[in-house]
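Could you put together the complete structure from these sequences and hints?
In our numbering, the protein residues as written are 9 to 210.
Rather than coming from a laboratory, the hints here were simulated on the basis of the structure.
Just so you know, not all the hints are guaranteed correct.
[What the hints assert, rightly or not] Cross-link-like lysine to any residue pairs, in silico, SDA-like; alpha carbons within 20 Å at most:
(1) K197 x D40
(2) K28 x F106
(3) K197 x E60
(4) K28 x K209
(5) K197 x D66
(6) K73 x E148
(7) K73 x F106
(8) K182 x L32
(9) K182 x G161
(10) K182 x Q143
(11) K73 x Q143
(12) K182 x C208
(13) K182 x G63
Predicted model only: the values in this text are computed from it and were never measured.
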Amino acid sequence: MGGRMITTPDATLLEPLLGKARQLGYVVRDLDAAMSFWTQMLDVGPFVVIEEAVGNRDYMHRGVKSDVQMSLAFTYCGDVQFELVQQINDAPSPYMEFLGEGREGLHHIAFYPDDYEQARAELLRRGMEEVACVQTLDGERQNSFFATPPEVGFMIELTPVTPEREHYYSGFRKLTETWDGTRPVRRYKNRAEYVASEDCKI
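Below, the structure is given as structure tokens:
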């Protein structure tokens, strides 16, 4: 199993600035239904679900703190990470804007630049709008979401890669490489619970 149907997206034009495209992010209304499709129809999985994804951080939307509550589900297909996003409440966010337009599906492509701050500053310099970010309580950004023109169709996410993040991303990927079709969904309350679990042992 282990899902190898999709290859890394071509990010040739953006790569000098942002690095390679590493994640495809999908916004869904029904997380369980979406995971069932990926695991049963496409043999992509297993998924690790983080139920309280924001945790002890601030979600900022258009410069204002928003009480976003969401669950995230992660898996890999080859080199590409897949993220499914289900917002649990109706707090202002890019996800609610997306759903409010009658859309569902591919919402953002994430890049993990070597220098997050430099890449973020360059997108801002080029006139792109930073619509949202997640930050620690002391204001350190942990990712950024940038709007793109309608004809592009998806947002750009920038994520700084820390040793901690590398660790649990590696755990996600290792699960897909050894998956035999059992336990297609692994649920955890938060990232700390997942990191402490056997599913994150690599």
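How the hints compare with the structure:
Using a Cα cut-off of 20 Å, the hinted pair K197 and D40 holds, with the two alpha carbons roughly 16 Å apart. Only pairs whose Cα atoms come within 20 Å are accepted, and K28 paired with F106 is rejected, the gap being roughly 25 Å. Between K197 and E60, the direct Cα distance comes to roughly 6 Å. Compliance with the 20 Å bound is thereby established for this hinted pair. Simply put, K28 and K209 have alpha-carbon atoms about 26 Å apart, too far for the 20 Å limit, and the pair is violated.
Restraint check for K197 and D66: satisfied, since their Cα atoms lie roughly 18 Å apart, inside the 20 Å limit. At most 20 Å may separate the alpha-carbon atoms for a hinted pair to count; K73 and E148 meet this at roughly 14 Å. Taking the CA atoms of K73 and F106, the gap is near 19 Å; set against the 20 Å cutoff, the hint holds. For the suggested pair K182 and L32, the alpha carbons sit about 18 Å apart, so the restraint of at most 20 Å is met.
About 31 Å separates the Cα atoms of K182 and G161, which puts this hinted pair outside 20 Å; it is violated. The suggested pairing of K182 with Q143 is violated, with an alpha-carbon distance near 27 Å, which exceeds 20 Å. Among the hinted pairs, K73 with Q143 is consistent with the structure: their alpha-carbon atoms are about 10 Å apart, no more than 20 Å. Between K182 and C208 the CA atoms are separated by roughly 8 Å; this keeps the pair inside 20 Å, and the hint holds.
About 24 Å separates the Cα atoms of K182 and G63, which puts this hinted pair outside 20 Å; it is violated.
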